[in-house]
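Chemist: Please build the complex by placing chain B on the supplied structure of chain A, with the hints as guidance.
Protein sequences, first through last, are from chains A and B.
Reading the first sequence from the start, the letters are residues 1 to 114 in this note's numbering.
Reading the second sequence from the start, the letters are residues 1 to 455 in this note's numbering.
Check before you lean on any hint, since a few could be wrong.
What the hints assert, rightly or not - When the alpha-carbon atoms are kept at most 30 Å apart in a straight line, the in silico DSSO-like pairs for lysine-lysine are as follows:
1. Lys24/A with Lys98/A
2. Lys223/B with Lys98/A
3. Lys223/B with Lys24/A
These aren't lab readings, by the way, just hints derived from the structure by calculation.
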Amino acid sequence: MAVDEGSGAMTTVDELADVRAGDKGDTLMLAVLPRDDAAFGVLDRRLTADVVAAHFAPLVTGDVGRRVVPGLPALVFRLPGVLGGGVTGSTVLDGHGKTLSYHLLTLELGRPPA
Amino acid sequence: MTAARTVRLGAGAGFAGDRIDPAVELAREARPDYLVFECLGERTVAAGHARRLTDPDAGFDPLLAARLRAVLPHCHAAGTTVVTNSGAANPEAAGDCASRVAGESGIDARVAVVTGDDVLDLVRTLDPVVWETGTPLSEVGEELISANAYLGAEAVADAVASGADVVVTGRVADPALYLGPLRYEFGWGAGDHELLGKGTLVGHLLECAGQLTGGYFADPITKPVPNPARLGFPFADVGADGAAVFGKPDGSGGRLDRRTCGEQLLYEVDDPAAYVTPDVVADFSGVTFADTGPDRVTARGATGGPRPDGLKVTLGFRGGWLGEGQLTYAGPRCLDRARLAADIVCERLVAVHSLPEDAVEVEYIGAGAALRGLAPAADPAEVRLRVSARVPSAAAADAVGWEVESLYTNGPAGGGGARSSVTEVVAVRSCVVPRAQVRPRVTVIGSRPARRGAP
Chain A
1 MAVDEGSGAM TTVDELADVR AGDKGDTLML AVLPRDDAAF GVLDRRLTAD
51 VVAAHFAPLV TGDVGRRVVP GLPALVFRLP GVLGGGVTGS TVLDGHGKTL
101 SYHLLTLELG RPPA
Chain B
1 MTAARTVRLG AGAGFAGDRI DPAVELAREA RPDYLVFECL GERTVAAGHA
51 RRLTDPDAGF DPLLAARLRA VLPHCHAAGT TVVTNSGAAN PEAAGDCASR
101 VAGESGIDAR VAVVTGDDVL DLVRTLDPVV WETGTPLSEV GEELISANAY
151 LGAEAVADAV ASGADVVVTG RVADPALYLG PLRYEFGWGA GDHELLGKGT
201 LVGHLLECAG QLTGGYFADP ITKPVPNPAR LGFPFADVGA DGAAVFGKPD
251 GSGGRLDRRT CGEQLLYEVD DPAAYVTPDV VADFSGVTFA DTGPDRVTAR
301 GATGGPRPDG LKVTLGFRGG WLGEGQLTYA GPRCLDRARL AADIVCERLV
351 AVHSLPEDAV EVEYIGAGAA LRGLAPAADP AEVRLRVSAR VPSAAAADAV
401 GWEVESLYTN GPAGGGGARS SVTEVVAVRS CVVPRAQVRP RVTVIGSRPA
451 RRGAP
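Okay, chain A solo, but in the shape it has when bound:
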């Protein structure tokens, strides 16, 4: 994966990884699976909990959790409150938030910190 970090060119998560959404009550879980080791390197550095929290604001109601699974490799994010009411509490169509994996794919990764 040719990502030129030096130039600070914008790239989206969609260019680097696949994302699968899951739900536990009000919490949205997003598993990010980089397509190769280079993509994992970029995402591990730039796709921080803060960046993900900002992308899902104002729906997130608490601290966004982030875990790394190096063997796959993968990143797992936990976004409390996004599904407000869960499967049976809210009346919105996609109560599971299954569509929201594709929102994370639109996240633009900014310039790497100097």
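Modeler: Relative to the frame of chain A, chain B by itself:
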């Protein structure tokens, strides 16, 4: 030296509404030792209790008879044992159903029914704290209609050991449907944490069936899946040491590789290092996958730690009624007209039908509704207005669709395709009860002698 014995576990269903023909293909082509149908979501069991309250013979999976009718002849021919949680809120009636269907197919089947997950009386006595509300159960305002503890693999293993051809359960932890047969076959004990972790990995990967073989994965650009209309369901060959090789029937659609397995490993997993089940706290953080052939993947690296002292319980409450109505607008100013329509409906639901204002939800499908406002589409080609409300009475819920439909002759220009529905809602919450106070039982239906004894 002979090859080490393996047990083949097949995934026959990943949710209550799953397809049937892939299970038939799997039973016929892969001839698994066990064919597992996972058909029970949190809401499914609670909704089953709601049905059982009006019909004592109901409450189990309505598709159970159709599933068994389709697979039992193949299972009988191959010596495959069926394991399913289709019993839902009424495992005994599901067991009778399974026995009847087998008989109609000319198969003298031994059916084992696992009960004991129904802990309604126990939670009423213990009055545990409800996770979602943080208050004792007795202080939750809504009417409690069900409480089901997640049983573990031990009960499933006991049912298999009774010599059953079909094992029917109610609420059992999904991976335990797969771990149970492994515990029986290999004699794994409650303290064999690493083996239970490996077996739980197998169950976790198989429990959503098609989600391991390209379902909930396919993207025509980034993740193409061959022949998805004929997605094959997966199986795993598991050894006594917990080593597992995953596959799917030759010639079936879908794909099975490191990428599909990686996604499913993390599906609905909060902490990969601590996946809590009734049998083990599994640790998937060191799991790796390797492609060993076309649609063949090995998994290694799972382990686990001691099981929790408590069992999670799903509580079902009567949650009122959901009413909804939808209408489409297209072309110039469609979103403006949909907004006007929503304002009219909301005003009338409150002023004419006395619905509480905060109960009414408005979505603009096609203009960013699914993304919950995170990425609004300003100028869509068409938009579908959806108004919904959860309210205490069916009559109030009915007003939602009625008001949307009445926009035909009273609302903005060019509204078409009205649809409405009213459904009863069962709300689910969770609590924990002490393991020692939950007592699983196995009951055998059928006169045929057991086909197996102790492993």
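Chemist: Each hint should be assessed against the structure and marked as holding or not.
Modeler: Hint by hint, here is what the structure shows:
At most 30 Å may separate the alpha-carbon atoms for a hinted pair to count; Lys24/A and Lys98/A meet this at roughly 12 Å. Using a Cα cut-off of 30 Å, the hinted pair Lys223/B and Lys98/A holds, with the two alpha carbons roughly 17 Å apart. Under the criterion of a C-alpha separation no larger than 30 Å, the hint pairing Lys223/B with Lys24/A is consistent with the structure, at around 26 Å.
Comparing the model with each numbered hint stated earlier shows that all of them hold.
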